[in-house]
Amino acid sequence: MSIEVRKITKTFGSFVALNDVSLHVASGELVALLGPSGSGKTTLLRIIAGLEETDAGSGPILFHDEDVAGIDVRDRRVGFVFQHYALFRHMTVFENVAFGLRVRPRRVRPSRAAIREKVQQLLKLVQMDFMADRYPSQLSGGQRQRVALARALAVEPKVLLLDEPFGALDAKVRRELRRWLRRLHEEIQVTIVFVTHDQDEALELADRVVVMNQGKVEQIGSPDEVFHEPASEFVVNFLGHVNVFQGRLESGRLHFSGLTMDAPPRHGGSGAVRVFVRPHDWMVETRANGAPSLKATVCQINAAGPHARLRLITEYGEWIDVDMSHDRYHELALYTGAAVFLVPRDIKLFLDGSNGFAAYQAAREQMQRDARHLSPAGP
Amino acid sequence: MGLVLKQRSVLPGFGLTLGFAVLYLSLIVLVPLAALVIKSTSLTWQRFWEIVSDPRVTASYRLSFGASLAAALINTVFGFVVAWVLVRYRFPGKKLVDALVDLPFALPTAVAGIALTSIYAANGWIGRYLEAWGVRVAFTPLGVMLAMTFIGLPFVVRTLQPILEDLDPEIEQAAASLGATRRQTIARVILPELWPAVLTGFALAFARALGEYGSVVFISGNMPMRTEIAPLLIIIKLEQYDSAGAAAIAVVMLAASFSLLLLINLLQRWKSTPQTAV
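Sequence order for the protein chains is A and B.
For the first sequence, our numbering assigns the number 1 to the initial residue and increments by one for each residue that follows.
For the second sequence, our numbering assigns the number 1001 to the initial residue and increments by one for each residue that follows.
Any given hint might turn out to be false.
Quick look at which bits of chain B chain A covers, simulated, 3 or more residues with Cβ under 8 Å [unchecked claim]:
id	stretch
1	1160 to 1174
2	1180 to 1191
Computed list of chain B residues with no C-beta within reach of chain A, every gap over 10 Å [claimed, not checked]:
id	residue
3	1011
4	1077
5	1098
6	1118
7	1244
8	1252
Just the calculated beta-carbon pair ranges, DEER-fashion [said to hold, decoys possible]:
id	chain 1	residue 1	chain 2	residue 2	range
9	B	1191	A	180	31 to 37 Å
10	B	1270	A	171	39 to 45 Å
11	A	64	B	1190	42 to 48 Å
12	A	64	B	1130	57 to 63 Å
13	A	316	B	1010	56 to 62 Å
14	B	1169	A	64	26 to 32 Å
15	A	129	B	1190	41 to 47 Å
16	A	183	B	1091	48 to 54 Å
17	A	180	B	1266	40 to 46 Å
18	A	28	B	1261	26 to 32 Å
19	B	1169	A	198	45 to 51 Å
20	A	171	B	1190	32 to 38 Å
21	B	1078	A	179	50 to 56 Å
Because the hints were derived from the structure by calculation, they are not lab data.
A quick note: this is a predicted structure, and the numbers were derived from the prediction, not measured.
Think of the CB as a built atom: it goes at the ideal place given N, C-alpha and C, for glycine as much as any other residue.
Isolated chain B, as found in the complex:
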């Protein structure tokens, strides 16, 4: 082990940059997270379990993870289409559409939440027609998912775009000249090349949706057991000066999302090994 670390590289600066990276990550990420975990340890194991297995809390986990997964999946599919259109075609207003993609990044999330709520409320521009079809968006889990989809879109588009731009159009022509249909070309040639980037985009959109608070609390209506997301419960606990209880809920979220992201990373490595192997 010591041998491996001491191995000299022709590129200088490894020790310095690694040291800096570890220190930086510690200060910015690890120390606050450790504090969170330590805080939750002030509870007894039994109390901890009581808090996180409370039906209201488990309902919020289900909503948070379920809606985030759904939103990330929707973003992966439609973000792919948006990225494809932006890279492959030239049309008037393309620059405008391209800029529009970043808007969810820039907009204060509360603004997005209020805007979405007023549009999708039962008397809003769109909500009024959906209401006629019996579909309610605002103040339902569907609305939660909608807000999460809104804020997650740029992640998928922006991770896929550069990869799509690098994709050689000749490999599609090669596939076609070998007799592959358009569908076969996409499934067997294009998607495998994009797979790692698709997973990254999915993971980022998922993580963003999971942590989202500002826009969701407006459209969800925050009804206990139905439309309460986990971050909201944490805020509620904090407002009641129950910081240990808030930490307990947060630790479970942290563990779950970290294992999911780790899983996605492993999947990505497994899928992309062939291309990087030399």
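Bound-form chain A, shown alone:
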């Protein structure tokens, strides 16, 4: 079941939660809505579910090309899993999962035996079959989450919508459930849209990531695309820690922090730019090797964890965070106060005041057209 929303706007009083948002989710896809709180991601999810109505003038909400905007939540056949699970406290695990089947009108309600079998099967799927008689208050957070999922799946939803599914769980349980959800998705092949503010979760789990900010879509793409080809400064900033510099672009040459290098391809203009380099995208040398580099002094070293993390300061007083492998760290024998040369391996840059997403879209479409012209197999 594919989902499409077109030009959706939603305001709460004077607060604009969603501003002209469009989105297409293919059938069977696993899509993450990623953004900070207040970005409108949960509102979008609730609009898809039918728990919230769009403002007048908004476009349609299509499920498999059928407009469901006027259809009530109970007839939309979506499975919705709430951030805080919203389990029925006075019902056992079994009764919670059976609820969606038991409230069906008599003529389409399965027999008691069929309901029992279906619920047992679902509880097995979420590995909760041995807890069928417990009450929600007797379960851990991760177990409640899985019951909530089984309950949503019981009505055989055409799409499954999850609001911050792992938000209230501790890091370890979260990782386990992530993997488990991925497997579940492969097993049951249902379209899943989930909301998260955790970029690791989105990048690890989703087929495609929708990055949202202040009620607008900043970028839609595969985890690879949004990470390696961010469409805007916001996306770069949101997808993990990054070093930012003020720089200048002049006829194909980029200047920042005392370093001059060729601008990355597709950046021909001139003017003030902001330069982004991720901590793991620096090559660190103790001697200049001819490549354009900037000089810095090591200020702090933290070698505990998967990488050695260094904090350096440039000649111009800018702080730079650098991650490197432990091997490389030992090879260089770095110490606090050591002078090093930094060579950026990968940089992202944005002209000041540029409209990130539009520019990105235009550039991408141009590239695709170019690629078609160049490709020998193309039309």
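Position chain B against the provided structure of chain A, taking the given hints into account.
This is chain B only, laid out in the frame that chain A set:
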């Protein structure tokens, strides 16, 4: 048994507070009630039975318990609606309506009785129209029930309100997303969560109605066999210096209402066990 009582708790002060609670309840509740029971024992068993089985007395029991039950039931239903509206919706004048709910608490009951009587009397503001329909309120059992409903309303509203406020609106949305109709959501999801509070509100409204005197005596007209409530008979006996007879009537009321409240408590525990079990 001794072992259980001596079990130490990490929270200090159990012995002290339990001792205080027992002493306080004894002084305020148990001692006067015991005196009442003792007073009634000055009668012979036969005399006791004669008093409490007197047709005029049994008629008053029927009216007292019947009207109280009816009033408590009405309050449970409509108090629920009032609490629901106050918690779930925002409307101009909400604060005023909220304050209005407490009025029956604050008003001297005699004032309430006089006001209700003058409104519902055959020539009163409302009574005059009801009279045209052949419905008489003042000086009938219906009037007794009305006064009891008036004074019992705040109990149901105020017990339900905090529970309703705590009720997560997401569980209703969850029920709807699973295909439940509004009616199914209320019957299967909301009411079971509220059930203990509903019972408490009912019990309080019932107990209050049963003990009510001031407002009822004005609107009932106090006609023997028809509109006399049991508390009134007790007063009448006292005025005739028959305090043993008054105690006898009171003891029966006490026993009946205590067993009813106990029953409601047990029902409540039975219904709410699943939620508290850990």
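Hint-by-hint comparison with the structure:
Under a criterion of three residues with beta carbons nearer than 8 Å to beta carbons of chain A, the stated coverage of the stretch 1160 to 1174 of chain B is upheld, 5 such residues being counted. Check result for the stretch 1180 to 1191 of chain B against chain A: holds, 5 residues qualifying (beta carbon to beta carbon below 8 Å, three or more required). The beta carbon of residue 1011(B) sits about 22 Å from the closest Cβ of chain A, which is more than 10 Å, so the claim that it is off the interface holds. With a cut of 10 Å on Cβ distances, residue 1077(B) stays outside the contact zone with chain A, its closest approach being about 21 Å.
Against the 10 Å criterion, residue 1098(B) stays outside the reach of chain A, whose nearest CB is about 23 Å from its own CB. No beta-carbon of chain A comes within 10 Å of the beta-carbon of residue 1118(B); the shortest separation is about 46 Å. The beta carbon of residue 1244(B) sits about 49 Å from the closest Cβ of chain A, which is more than 10 Å, so the claim that it is off the interface holds. Remark: the non-interface label on residue 1252(B) is consistent with the geometry, its nearest Cβ contact in chain A lying 37 Å away (cut-off 10 Å).
Taken as a hint, the range 31 to 37 Å holds for the pair residue 1191(B) and residue 180(A), whose Cβ atoms sit roughly 35 Å apart. Checking the proposed 39 to 45 Å range against residue 1270(B) and residue 171(A) shows it holds: the Cβ atoms sit about 41 Å from each other. In this structure the supplied range 42 to 48 Å is violated for residue 64(A) paired with residue 1190(B), their Cβ-Cβ distance being about 33 Å. For residue 64(A) and residue 1130(B), the hinted distance range of 57 to 63 Å is satisfied, since their beta carbons lie about 60 Å from each other.
Here the CB-CB span from residue 316(A) to residue 1010(B) is close to 60 Å, well matched to the stated 56 to 62 Å. Take residue 1169(B) and residue 64(A): their Cβ atoms lie about 30 Å apart, and the range 26 to 32 Å holds. In this structure, residue 129(A) and residue 1190(B) break the distance hint of 41 to 47 Å, their C-beta atoms being roughly 29 Å apart. Distance hint check for residue 183(A) and residue 1091(B): the Cβ-Cβ separation is about 50 Å, which falls inside the suggested range of 48 to 54 Å.
Taken as a hint, the range 40 to 46 Å holds for the pair residue 180(A) and residue 1266(B), whose Cβ atoms sit roughly 44 Å apart. Checked against the hint of 26 to 32 Å, the C-beta distance between residue 28(A) and residue 1261(B) comes to roughly 59 Å, which is inconsistent with it. At roughly 25 Å, the beta-carbon separation of residue 1169(B) and residue 198(A) lies outside the given 45 to 51 Å, and the hint is violated. A C-beta distance of roughly 36 Å is found between residue 171(A) and residue 1190(B), which places it inside the suggested range of 32 to 38 Å.
Roughly 53 Å separates the CB atoms of residue 1078(B) and residue 179(A), a value that falls within the hinted 50 to 56 Å.
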